[in-house]
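Top line first, the protein sequences correspond to chains V and E.
Just remember that my numbering sits 5 ahead of the position in the first sequence, which is counted from 1.
Just remember that my numbering sits 5 ahead of the position in the second sequence, which is counted from 1.
Some clues are possibly wrong.
The list treats identical chains as one, so a pair stands whether inside a single copy or across any two.
[Stated by the list, open to error] In silico EDC-like links for lysine to aspartate or glutamate, alpha-carbon gap of 20 Å or less:
#, residue 1, residue 2
1, K396, E160
2, K162, D350
3, K162, D343
4, K396, E310
These are computed hints drawn from the structure, not numbers from a lab.
Number of protein chains: 2
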Amino acid sequence: MDDGNGPRRLQCPACSRTTLDRWRCRCGEPLAFAEPPIPEHGPPAPGDIDARNGLWAFEQLLPVGADPRDRVTLGEGMTPLVDAPEWGASFKLEYVFPTGSFKDRGATTTLTRAVEIGVDRVVEDSSGNAGAAIATYAARAGIDAEIYVPAAVAEGKLRAIRRAGATPVRVPGDRAAVTEACLAAIGGGEGEGGEPNAADDTGGDGGTDAWYASHAWNPAFFEGTATFAYEVAFASDWTAPDAVVTPLGHGTLFLGAYWGFRRLHRAGWIDDIPRLYGVQAAGIAPIVRELHGPEAADPDGTIAEAADGIQIAEPVRSEGVLAAIRGTGGDAIAVGADDLSDELDRLHAAGFYTEPTCAVAPAALTILRERGEIGPDEEVVVPLTGSGLKK
Amino acid sequence: MDDGNGPRRLQCPACSRTTLDRWRCRCGEPLAFAEPPIPEHGPPAPGDIDARNGLWAFEQLLPVGADPRDRVTLGEGMTPLVDAPEWGASFKLEYVFPTGSFKDRGATTTLTRAVEIGVDRVVEDSSGNAGAAIATYAARAGIDAEIYVPAAVAEGKLRAIRRAGATPVRVPGDRAAVTEACLAAIGGGEGEGGEPNAADDTGGDGGTDAWYASHAWNPAFFEGTATFAYEVAFASDWTAPDAVVTPLGHGTLFLGAYWGFRRLHRAGWIDDIPRLYGVQAAGIAPIVRELHGPEAADPDGTIAEAADGIQIAEPVRSEGVLAAIRGTGGDAIAVGADDLSDELDRLHAAGFYTEPTCAVAPAALTILRERGEIGPDEEVVVPLTGSGLKK
């Protein structure tokens with residue numbers, strides 16, 4: 006039970022074991038918070054949520070940062086939600102963040118968790134938006150960070166990481182090799198204690214090992230991305246849209262949104278949970294393959310290369326993603342290179358200066374409307390997840 | 006008199022002539038709004054300002070966008086204001102904007118003005134943040150834009166402009182030649198009628214000429230940057246800090262802040278106006294030169310090249326800037342290349358991923374404290390004006 010003193014415990018949704026802090030359960034599954042806070046009262050009155058505090062305005066829903074002095078924040082969140090009449094949707098500009106992507110939602114809560122746990126070194130494997138976000142928030146916290154990246158990554162992609170004082174660690178081999186090297190840094194990867202995120206039920210200081218600030222594994226990261234849902238519902242005074250269409254790689258935003266809407270529903274703040282649609286890159290679309298077979302995942306035998314932010318062949322939380330799709334009546338869909346490219350042109354010409362990966366979501370909305378999966382008059386929110394300045 | 010129908014009139018602070026819309030007064034001076042809205046009641050109660058609306062939450066202070074349908078907005082504003090303990094100040098993260106700089110404050114109000122006037126083509130001269138912001142908001146408005154830039158500018162700097170569908174117009178010669186070419190596009194530059202921004206008192210449709218969406222001249226731009234002051238005061242429930250230290254080129258933010266704090270003071274929303282300190286690039290520091298002579302402006306005979314966002318040899322509104330400094334008891338100071346470079350390292354290492362120009366302001370704060378111009382316990386706000394992703 007959480008008594009408000011010290012970091013909240015984690016629990017495995019698969020086997021129900023609890024732990025003070027580990028990067029994954031002893032059974033191998035990703036963890037969640039054992040008792041995330043659920044407000045006991047109905048939706049807050051207007052003015053009870055102070056939007057000036059960014060996403061920390063939702064502190065009563067967050068399982069980290071109970072003591073504001075622990076919070077590692079750059080004032081992030083409360084991103085714009087604007088009409089996109091050409092698309093018949095609302096776009097949430099998730100690139101309007103300190104590091105230029107929605108990953109800051111997860112970085113602020115993850116580094117806050119790191120402060121609560123008392124770690125002094127974090128590791129992450131990502132050469133993209135997550136790596137930059139973790140490095141930047143680690144700098145804000147005064148915590149050392151090592152960011153594991155593929156050896157072949159262009160130096161330009163590492164600039165934000167280096168400038169924040171984090172150490173990029175180049176790893177030869179494929180993306181899996183990068184993760185393996187990162188896991189080695191946290192004490193062996195599989196270890197039953199002694200590893201960080203952290204050891205076992207008796208402690209959690211991480212010892213000399215690093216703490217895994219993973220956007221794919223760390224439940225604090227998803228509790229941060231859950232604030233996307235809180236903001237969407239808050240923007241409409243606690244009503245949810247009919248559907249949300251997000252890019253889907255590891256599902257950092259997709260699952261965070263699901264956790265968030267579900268928690269709002271449990272708290273009685275919203276009456277309905279939106280249908281969640283996840284959009285993958287054609288050619289590397291494991292969730293689409295699972296649901297609709299190889300032809301749907303890989304319609305023309307090519308890979309949507311420009312969608313490099315979501316090319317994840319083995320999403321860590323794929324079971325959770327599938328449960329979210331089934332539980333909300335949503336779907337997953339793959340978008341190809343041509344549709345992506347056309348959509349990116351359209352976005353930029355309309356004043357939405359995003360990075361290429363973002364374009365899969367509005368492109369998918371058009372297809373989902375053509376298929377009749379989303380009705381012409383349904384309210385839809387589409388996040389645009391990264392800044393065009395990133396390229 | 007403004008009756009709420011149609012665009013508000015402009016007036017020359019120097020000669021008092023009024024006009025429906027011109028890019029500058031017939032006497033040559035930059036214009037202001039004749040009767041900007043001044044709320045008649047004291048500071049709004051908590052909850053009366055809805056921060057979810059971004060800077061448009063301050064609609065009662067804005068002389069444009071009375072009809073929300075005219076507003077050209079990407080949900081911008083309400084940027085983070087965070088503690089920077091290492092500096093003994095609060096940083097306002099003015100890079101957390103759709104285009105990555107505070108110029109979006111002015112772009113949203115300027116393009117809104119353009120919609121109110123009914124123009125269908127805007128021009129601007131800037132290869133930097135202002136050009137990107139005007140191009141992006143013009144795209145949002147569906148208005149054509151031409152951005153005049155020096156012929157030598159790197160193609161990479163024009164990417165956001167091109168992607169928004171705006172046309173970069175490369176002009177040989179120096180920066181003044183760029184402005185001249187831009188003025189020619191608005192109908193001759195000096196003309197007494199027939200030029201856009203717009204003709205004379207009898208109309209304002211701009212005819213076939215373009216409308217000058219200038220971050221240096223257009224009063225709507227400064228009314229937008231004034232929202233910086235509204236947000237700073239709102240963050241502290243309508244108290245102002247002791248001092249604000251901003252970069253100073255044309256004074257787009259510096260003067261906007263002055264207009265904003267002054268208006269809040271006239272409305273009785275704040276009791277005191279902060280001292281305003283403007284920070285220029287050593288070697289190109291005309292305001293510092295005016296106040297403190299050539300040695301203060303150019304201490305070592307070199308130019309702080311990295312501060313390319315504020316290298317303005319002849320600020321359009323220099324008289325206004327000087328009046329703001331004298332009127333608030335502030336000052337202007339020049340920062341050199343070495344101090345800038347050290348400060349940029351420090352900012353990035355602390356998690357503030359800004360472009361180089363930004364670094365002049367926190368660097369100046371240190372110097373102003375050493376000189377005793379700003380006391381150790383005084384409350385200071387420093388805007389960080391552009392994203393590190395811009396480089």
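Problem set entry | Contradicted hints - numbers only | Per hint list: single violation, 3.
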